[in-house]
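Trainee: Residues per chain are reported as follows:
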Amino acid sequence: MSEVTGAVLLRCGECLQELSGLPDDSIFLCRNCGRAWVSGDRGLTRVGVSLWGEAGDGMVFLPFWRVEADITVHERTTRRRSVRTPATAPRDYDPLAERGLQTESGRRVLRSYLVPAVVNGRALSIGVKLRSSRPDLVPYEGSTPLMVGGSVDADDAVELSRAIAVGEEVARSDFLASLDIELHPMEVDLMGIACRAGERGFEIPGAGIAMRYADTEDRAAILKRNGLSRD
Amino acid sequence: MAESPFVTMKCPACGGALYLREGETHTSCPSCDSSVLLTGAVGNYVLPSEVDSTQALRAVRRAMESGWKDSAGRSRVSRPRLFYVPFWHISAQVQGYVLGLEPEVREEEQPRPVENPDGQSMSVFQSTRTVKRRVGVRAVEREVQLRGSVNVSAADLEPLGIPNLSSKAQMSLEGMEIQRNALPEGLEVFDSRVHADGVFVDPLVSLSEARADAEEYLRRLAGGAGRGLEQQWRYLVFTGRRDCLIYYPLWVVGFAVDGRPYRAVVDGRSGRVLRGRFPAGPSGSRYIAAGAAALWAFAIPPLVNLLATGTLDYRSGTASLNCSGVLLLIAGALGIGTWQVLRALDRMESRGGTRHV
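Those protein sequence lines, which keep their order, are chains A and B. Per our numbering: the first sequence = residues 28 to 258. Per our numbering: the second sequence = residues 544 to 900.
It is possible that part of the hints are untrue.
[What the hints assert, rightly or not] FRET-style restraints, in silico, Cβ to Cβ:
| no. | chain 1 | residue 1 | chain 2 | residue 2 | range |
| --- | --- | --- | --- | --- | --- |
| 1 | B | Glu701 | A | Glu81 | 20 to 28 Å |
| 2 | A | Asp201 | B | Val648 | 39 to 47 Å |
| 3 | B | Asp576 | A | Glu81 | 30 to 38 Å |
| 4 | B | Gly771 | A | Asp182 | 32 to 40 Å |
| 5 | A | Ser139 | B | Leu730 | 38 to 46 Å |
| 6 | B | Glu759 | A | Gly233 | 36 to 44 Å |
The set of hints was computed from the structure by calculation and includes no laboratory data. We put the CB at the ideal spot given by N, CA and C, even for glycine.
Next up, chain B with everything else stripped away, as it sits in the complex (with noise of 0.2 Å):
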C-alpha cells in the first residue's frame, strides 16, 4: 500500500529539500523556486469515488434483499473499505505497412443437375447456382497509422472476482468506468492531500510489463490491417509512448448471515454492486430434512417395540414373528439412509445457499 506519498530529494540547485508528490513529473524548489525535473515519474491520476460508505452498504443491502429477504435483517456488516485499484493507461503510435496478397473472387452462375419428373432422369441446365471462384490474386500495400491507447490492471483483482485487463485475458470490465481503452472521464491528478480516504494499492505489474502487454494488444489491433491478405509481411514500429497511473474507486463490503462470511465489491463510481457472494435463503434443503424427520417419526415406534420384545406385533392376527435378524437389517438401513440425507444436505447447503453477483 502507498502509505508515504512523498518522496524526499534534494534540490540540484541549492540542497535544499524537494516535496515530492507521488505522480508528479516537474516541480519547483520550495526555497529556490528552481524548476526541477523528476526522472523516471510517472503521472499519478485518481478517479475519486462518487459514492460515500452509507451508499455502499445501501447498495449490498438492496443486493442482499433482491435474492434472499430476511437477510439483511439476519446480517452483521462490517465497516466498508474503499480501495482505490491501479490501472496503467498506455498510449503510443503504431506505424508502418502491411504488404500481402488479396485473393480475387468472381460469382459465377454455374447450371445445377435437376431431378426430372420422371424420378429416372436428370435435366442439367433447368437451373443454376451462384459459386465463388477464386481466379487469382491481386497484391496490396496497406499503410498502418493508428494512434492507440490501452488500459492494463496493475493489480491483481481476481481475489475479489474481477477480471484483469491484459491483451492475453478480459477485453472489458461490466459496470466500471474503465473499459479496454478510453480514458475515464473524471480524472485529477493525486494529491495525498486531497485524495485521503481510501487505500491506495501498489501496482504489481511493472510499467515495462505493463507496456510489453499493451504494444502486444496494439499490434493485434493494427494488423487489422492485414485482414484477407495471404502471404503477409509486417513492418510497425511503436513511438511516442506516454504512460499514467490511474486509480479507481472499489468499496469491499464484509459481512456475516447466520455466521457465514460473505463479501461484496461496489463500484465507486456507480455505486452498483459489480461482484459479490450472498446468502440465497431456504432452500430444497428444508423440505428433504422434514422427509427425513418424517420417516424417522414412523420408524421409532415400531423399532422401540422391536428392541423391547424381539417381535413384530402383527395385530389384526394371532401369530408373533421373532425377527431380531430383520430389526438389524432396518436400523444399519436407516443408518446408512440418514447418513446419505445428511451428507446431500450439506453438499446443498454448499452450493446452493450461496448467490453469487
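Next up, chain A with everything else stripped away, as it sits in the complex (with noise of 0.2 Å):
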C-alpha cells in the first residue's frame, strides 16, 4: 500500500524561496541562491552543487552526480581472446587459460565518475564515456538558471558509479573473466552541466557525447520546462 509518510515544503531551506520541478523529480535547484536540495524520506537534504558551462539559446541545464570513490580491486582476472579445443589444436590447448588464469588483486585508486541524474538509458555508456573523454568544462557565470529532470537519487549514482569502475575494467585491452571489486563513495555532489538541446539528443559539450532523447526518459517535459521542443 502507497503510504504518505511525511508532508515537505517544496521550498528551499536556506532561503525558504518556493522550489520547482518535474512530477518525478527528487533534485531541486533554488533558483534565487543556487542551492540544492535532494527529496528524501527524511525530507530535503542540502547537496553540494556546481554549475559548469555557458548559458544561452538552446542550451538546457541537466544534474549530473559527481561520485568521487574509492575503488579497491580486489581480484581481477582475465581470459586469453580465444582458446583452441585439444581436439582440433593439442599444442595450442591450455585448460587453465580457458578457464581464465591471468589473475590480479589488490589495486587500490581514488578515482571521480559522473553519472547523469536524469533517468537515461545508456547511463552507463555515457558515465564510461564521461570518464575517458574527460569533457573540458568552464565555470558558469550568471544567475541561477532553471535545472529540471533530476530524478536520479544518490544511493542509485554510487550504484552507477560502481558499474562504471566495472566498466572501465571491461574497456581494458585484455579480456575480463570476472572481477571483485569494491567502490566507497568519499563524496557525493552535483554538478549542473548546460547540455545543448540538438537534434538527436542532450549534447555534453566538450566531451563529444550526446544524451539521445530516446533514451531520456523526462525528454519532453524536460524541453517543455526550458521553453524547447523537438520532435
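Take the two lone chains, each set in its own frame, and fit them into one complex as the hints suggest.
Mentor: Quick look at the structure:
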C-alpha cells in the first residue's frame, strides 16, 4: 500500500524560495540562492552543487552526480581472446587459459565519476565515455538557471559509479573473466552542466557525447520546461 | 477496501490542514498556497470502466446462452458489482556487463559408411554428412543496457479464476488490457470525486515485494544478453526505479440457475467474459435416469407377484416354483444397482453440469 509518510514544504531551506521541478523529480535547484536540495524519506536534504558551461539559446542545464570514490580491485581475472580445443589444436590448448588464468589483485585508486541524474537508458555508456573523454568544462557565471529532470538519487548514482568502474575494467585491452571490486564513495555532489539540445539528443559540450532523446525518460518535459521542443 | 481516499496532514508552513488524495505526490496548501512534496507517496492511476452494469449483464447472458439456451430464462441474476483490482507498475533501468566464453563451432563434411549393393561390404567414401565440431572458445564481453517495466498483481485474483502476474507465475493475462510489461493506454490519475463508482481493492502485495519481483524478472530479461555463453560472469545494477499503482476494472456477476450459484467475471474495458462458471444444461444423466426408471418399471410387476405369492409364475407351463431365496437376491441386487446409478448421476451432475469459461 502506498503510504504518505510526510509532507515536506517544497521550499529552499535557506532562502525559503519556492522550488519547482517535474512530477518525478527528487533534485531541486533553488533559483534564488543556487543551493541544491534532494528529497528523500526524511524530507529535503541539502547537497553540494556546482554549475558548468555557458547558457544560451538551445542550452539546457541538466543535473549530473559527481561521485568521488575509493576503488579497490580485490581480484581481476582475465582470459585469452580465444582458445582452441585439444581435439583441433592440441599444442595450443591450455585448460587454465580457458578458465581464465591471469589474475591480479590488490589495486587501489581514487577516482571521480560523472553520472547523469536524469533517467537515461544509456547512463552506463555515458558514464564510461565521460570517464575517458574528460570534458573540458568552464565554470558557469550568471544567475542560477533552471535545472529540472533530476530524479536519480545519490544511492543509484553510487551503484552506477560501481558499474562504470566495472565498465572501465571491461574496456581495457584484455578480456575480463571476472572482477571483485569494491567502491567506497568519499564525496557525492551535483554538477549542473549546460547541454545543447541538439537534433538527436542533449549534447555535453567538449565531450562529444550526446544523451539521445530516445533514451531520456523525461525528455519532453525537460524540453518543455526550458521552452524548447523537439519532435 | 479503500473507503476513505483522503488523508489529512498539516501544512509544514502554516499548520493548516492538507487534504491529500490517494496517489498524489505533490499538492499545494489550500490556506497558504505553498507547494508541498509528499514523501512515500506513489502515484495511483485508474483505467476507467468502459462497460456499464447492463452491458456486463448482457455479456454474461450471451455466455450463458452459448452453452445452454434455456439457462438464461431460468436464471436469477444478482446486481453486478464493479471492482477495481490493483497492479503495481514498476519500471527501472538495468545496466551492466555479461562476460563469458562463446563456443566456436565449425561445420565439416565427414564421410559416411554406406552399405554396398552386395550387402556384404561397406564403402566409406561414397557419401558424406555435415557435422558441427566445437573447435574452441572465444572470449566475449557484452554490455547490458535496457529500460524495462513490469506489471505485478497487487491483489490475489485467483479466487476469481484470474491468474496472478508475477515473476514466478503468469506472463500474460488473456483478454485483459493490462499485460506483463506495457502501461495500458487510457490511464487517468485517480480522483475519488471522479472515480466514485466501484470498489477499489487495497493492494495486498507491498511495494517492496513488487520491486523485488520486478527486479527478478528484469534480471532474467537482462540475462538474455549472455545467451549461449559459458562460464558467465555478470554485473548488473538497477537504477531509476519508478512505481505506480494501476486500478483495473472488473465486473463480477453472480447468478443462480435452478438454485445452483454461479459467478462470472467481465472485463471492464472490453466487456468480454474473462472467467466464469456457467450451467452446462442437461447431460447424459437424463438418459441414465430414464433407463433406471424403465428397469424398475419392468422389474416391479414380477416382484410384486413374487412378494404376494412367493412363486414365479410360468404361464406357458403348469409348474410353479417357490423362489423366495431368488426373490431376496433380485431385490438386493436391484437395491445395490439403484444406489450405484444414483451415485453415478450425482457425479455426472457435479462434473458435467458446469461449464467453465
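Trainee: Range first: 30 to 38 Å. Now tell me if the beta carbons of Asp576(B) and Glu81(A) are that far apart.
Mentor: holds (35 Å)
Trainee: Note whether the CB distance of Glu701(B) and Glu81(A) lies within 20 to 28 Å or breaks it.
Mentor: violated (60 Å)
Trainee: Holds or violated: 32 to 40 Å for the Cβ distance of Gly771(B) and Asp182(A)?
Mentor: holds (34 Å)
Trainee: Range first: 36 to 44 Å. Now tell me if the beta carbons of Glu759(B) and Gly233(A) are that far apart.
Mentor: Holds, at about 41 Å.
Trainee: Is it true that the C-beta distance of Asp201(A) to Val648(B) lies inside 39 to 47 Å, as the hint says?
Mentor: violated (24 Å)
Trainee: Is 38 to 46 Å a correct range for the gap between the Cβ atoms of Ser139(A) and Leu730(B)?
Mentor: Holds, since Ser139(A) and Leu730(B) (Cβ atoms, about 41 Å apart) stay within the stated range.
Going down the numbered hints, you'll see the structure goes against 1, 2, while the others check out.
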